[in-house]
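Got two chains here, each in a separate frame; can you build the complex from them with the hints?
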Amino acid sequence: MTILLNLERVSAGYGSFAALFNVSLDVKNGETVGVVGANGAGKTTLLRVISGLLPPRSGRIDFDGESLAGAPAYRVVAAGIAHVPENRRLFPRLTVEENLRMGAYLPAARKAFAERAAWVYELFPQLQARRRQLAGTLSGGEQQMVAIGRALMTKPKLLLMDEPSAGLAPLVVEQVFALVRRIRAEGFTVLLVEQNVRQVLDVVDRAYLLETGRVKLAGTATALKQNPFVQQSYLGL
Amino acid sequence: MRGGRDTRLLLYLPLAAAAAAPFFLSDYFQHMAVQIAIWSLVYTAWALMGRFRLTSLGHGAFLGVGAYVPTLLWNNYGVTPWLGIPLAMALAIALALIVGYPSSRQKVVGHYFALVTLALGQVVLLVIVAMRDVTGGSLGMTPHTVGHSWYALQLPNKAEFYAVALVAWLAGLVAWRYVERGMIRLALESIAEDEDAAESAGVDVLREKLKITAVSSGLTALGGALYAQYLMYLSPDAMSGVGISLQIVFAAIAGGMYNMLGPTIGAAFTILLTEGLRVLFGTHFVGAANTIYGALLVIFIIFMPRGIVGLAERILARPRVPPAPAAPEPAE
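Protein chains in written order, with our numbering: chain A, 8 to 244; chain B, 26 to 357.
Looking at chain B on its own, in the form it has when it is part of the complex (with noise of 0.2 Å):
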């Protein structure tokens, strides 16, 4: 497919140099590279399960979960977070299959299945607030400062953090490009179309929801621990809240969950529309920026549910596409 090489060529370019330029700019533009960068990876991370319909409302736990335990065991135990985070990411994993295993057993599919999920989110938020003296509770948590430390993962340094951020995000790029060129993409796919008949191909249905759940699950928990390292706070509600993960879900569909880029693109999308709108009316018309917020996504996923990449493929897919030939007529 030649239109698609190009395609891609047109995309990598811009995108090698947009990842390249915060290095050049001021602190400001970095904050923003930083959270891009972050979130990038946490809705590649949820688009892994999400493209193949196992769509989830409560990746808000795996966050909260990435965020808390590396946090947790620094102050109380001095463990620096390059051991941490690991644990953070197996905990995630842990928790995932916990609750994807009799999930899957018992085929909660579809909407039951972002039920068990929502579900699953609020019982995290819950247990890092009842567990106030730990955690802080609803007040939240910040880490013990030790000033710029590579040891504590603490880079006051924006350049410095984001170059961490950077890699974490071509670790998701890369366990997406795993997923679209090995046979667990046509497994997932044929489980979200027919499960009994992927099942009847031979497909080990469990195993290989399991297998996506936990590389979504980790690769999240490793966004949350990014998280929570860059911004030296955590709040259960930051971490954990409804509203994160459904962030997480609108902002991977408005980017296009079907492209390994979609995501990224959605992420870079949502944080300067709310960046430009928090701007542009400021301290005036308090809500007005949440609430044409909240209006552009529900038009992007009415109208465009393949998100930005999917309409930016169809609008460049078109003129390289002649017509088809009318087809013969099949030999009945």
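Just chain A, same shape as in the assembly (with noise of 0.2 Å):
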């Protein structure tokens, strides 16, 4: 399998505080990789560095054969990679379609526009009967389909998912990680950035564990699994 996303010792941060030392990783093509860790380990800094919304201090970002390491935002859509943000980040005053509408912002997805849509309300049918409403007011399970849907209008190369199941209810966590598997299934990359370490594992093919901004572990989710240090403080065993 080829190697879509390879960082490189990468190191950010905000102000005088450094959040990332010297982090690398890859994503191979249509893999499920997932990146664990408590809270203010990093992981959430990290997706921000991939999808530009926050410059690298240091190393390299290679997506697709292309350099990203400080690339503004709107290129790194461009170049393949949608995110899907924490705590969802629709656009509340916006209908379902408008928001949906906002994925395909890129001209060369706005052609595709209409198909496109279409595939999504498949993808999740209860889109569909919705597409009128404000976005604001769906359930917090159908507001995280219309994020995901909203991030797969692009077509992309790689899907970002920022702690998909934060600020859910346990039901609608099990949801969203079926969402997880569904999208795995059309054969989409994803990288997956989670607390949920038991429920990741559960999905994805391999994981970095991050502790305080730097990788700590990695391997397969198996291998991920049966790591007692892993067992002992992330999955209480």
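By construction, these hints were calculated from the structure, which means they are not laboratory data. Positions of the beta carbon are idealized from the N, C-alpha and C atoms, including for glycine. Some hints could be false.
Calculated lysine-lysine pairs in the BS3-like style (CA-CA distance at most 30 Å, straight line) [as the list claims (entries may be wrong)]: (1) A:K164 x A:K223; (2) A:K118 x B:K236; (3) B:K236 x A:K35; (4) A:K162 x B:K236; (5) A:K35 x A:K223; (6) A:K164 x A:K118; (7) A:K164 x A:K35; (8) B:K132 x B:K236; (9) A:K35 x A:K118.
Derived Cβ-Cβ restraints for the label pairs, each shown as a range [as the list claims (entries may be wrong)]: (10) A:E73 x B:Q131: 21 to 29 Å; (11) A:E122 x B:F328: 43 to 51 Å; (12) A:A119 x B:S163: 58 to 66 Å; (13) A:G77 x B:A115: 55 to 63 Å.
The following residues of chain A were derived to be distant from chain B, with all beta-carbon distances above 12 Å [claimed, not checked]: (14) D69; (15) G77; (16) L101; (17) L113; (18) G143.
Here it is as structure tokens:
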């Protein structure tokens, strides 16, 4: 498998505060990779760096043969990386369909809007019924569908998902992970960041464990599940 | 949306009639009509930014550039306003971009953005005052008069000037329509709601903000130029004072900044109100007119944040939309 995304010794931070130290990570085509860790481990910062919302202090970010370190967010999207941000970050006062339209904002995606929207509605039939409703009035699970649908509108090569289960009821969390499995089954390459270690390890191929801004452990999901350190500190076994 | 179309027809016909009426009325009404048309353009230009939460408290800066540049060119070099006005618009746009670029880059939004624009208005005001030798300072200046001349855009005939002002006002509405219909509306609305999320969706936030800033500042400069050409007198306070910048904000909000015709209604309302109060009180109770005007504005902003047009839309929409049937519980 070819490597789609490769991070090499990436460091980043906010002001005088450093949040990531020499993080190296790769995602191969077709893989679902998880980044897990506790609050404040630097997971969200990592995604913000990849998606161009925060320029890295140092290090390389290569995606599909292109260097993306320090590229503005809209260029990262154009390169084929879509971001489902933490807490969904929908446009609450736009309708479901307008949110999808925003996902297809790039000129190339705009032309294919009707076709892509039909495909997203096929994936999430519930959204079709609510397409004229304001996104802010949907339930948490539905909002997550809109957020994922919005990201899929560009037909990305890589989908970044930031804490898709954050702030949702346990039942809805189950639904969200079912969504992740479906996205995976559709053949998308996914980089998933989560606090919910147990559930993530059930849906990903490989994972990286972040602790205070550094990669502490990396390996296949099965290997991590059996790792004594992970079992003790994160799985509560 | 059938309701929307009916509402629009209801609005457009009287509006077209109202726009044409001054041609047949006395000088006094033509004078009011010219003012309403010019200020409608300025308020529309302001609302193009304001509706996307880019609240500018310094549009007087662009008004000032629009007023002074063509007059200075005319008085000193004999350049026709037909060239001077586009040049002034270009300069206002340049000024807006010089301030807008770093503000957008540094993500200066909300109150801080408003403060930056407030400062910009003050800077332009002070520059005009300080360049006393050229601009006449606080005393103001007048364009060299040549009598009736299209070349100099000096049209003592009010009907003719009203025609010019109408065209400019329509240009503002065309710009509004272009924004309303285009992807830029969605882009800017999403930026107003969540800048990071908009950026993640692929919106070049900086570019979209600068685009609307350019359109808004350019049209405001056009309004300023026409106002100066019409009054044939310009002073820093009347063009770039804080009072003017705030008047723009209040009137656009009072009319309704989310609707194409809102700022126009706002202009008509505020100008007719000022005039009505002035006639009513005359020279008695000095200050009463202004006090009532101010009080009304406060009441408007508190109770009608979407302005007169917003209120009208709500009233018109009410009987047309039947109460929504009880929504089925979302299947969880």
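Subject >> Minimum Cβ-Cβ distance from L113 of chain A to chain B exceeds 12 Å >> reply: violated (5 Å)
Original post:
Is G77 of chain A truly not at the interface, in the sense that its beta carbon sits beyond 12 Å from all beta carbons of chain B?
Top reply: Holds, because the least Cβ-Cβ distance between G77 of chain A and chain B comes to about 14 Å, which exceeds 12 Å.
**OP:** For the pair supplied as a hint, K35 of chain A and K118 of chain A, confirm whether the alpha-carbon distance does not exceed 30 Å.
**Re:** holds (29 Å)
**OP:** Just tell me: holds or violated, for the beta carbon distance of G77 of chain A and A115 of chain B against 55 to 63 Å?
**Re:** With Cβ atoms ~33 Å apart, the hint is violated.
Original post:
Does the Cβ-Cβ separation between A119 of chain A and S163 of chain B fall within 58 to 66 Å?
Top reply: holds (59 Å)
Original post:
Can we trust that G143 of chain A is non-interface, i.e. its beta-carbon lies farther than 12 Å from all of chain B?
Top reply: violated (9 Å)
Original post:
Is the Cα-Cα distance between K236 of chain B and K35 of chain A 30 Å or less?
Top reply: Roughly 39 Å separates the two Cα atoms, so the pair is violated.
Subject >> Restraint status (C-alpha distance of K164 of chain A to K35 of chain A at most 30 Å) >> reply: This hinted pair holds, its Cα atoms lying about 11 Å apart.
**OP:** Test the statement that D69 of chain A is away from the interface with chain B: the closest C-beta pair must be farther apart than 12 Å.
**Re:** D69 of chain A clear of chain B: closest Cβ-Cβ about 20 Å, beyond 12 Å.
Original post:
Given the hint that K118 of chain A pairs with K236 of chain B, does the C-alpha gap stay at or below 30 Å?
Top reply: Answer holds: K118 of chain A to K236 of chain B is near 22 Å, not above 30 Å.
Subject >> Straight-line alpha-carbon gap K162 of chain A to K236 of chain B, limit 30 Å >> reply: holds (28 Å)
Original post:
Would the pair K132 of chain B and K236 of chain B pass a check requiring their Cα atoms to be no farther apart than 30 Å?
Top reply: holds (16 Å)
In this structure, the hints that do not hold are numbers 3, 13, 16, 17 and 18, in rising order.
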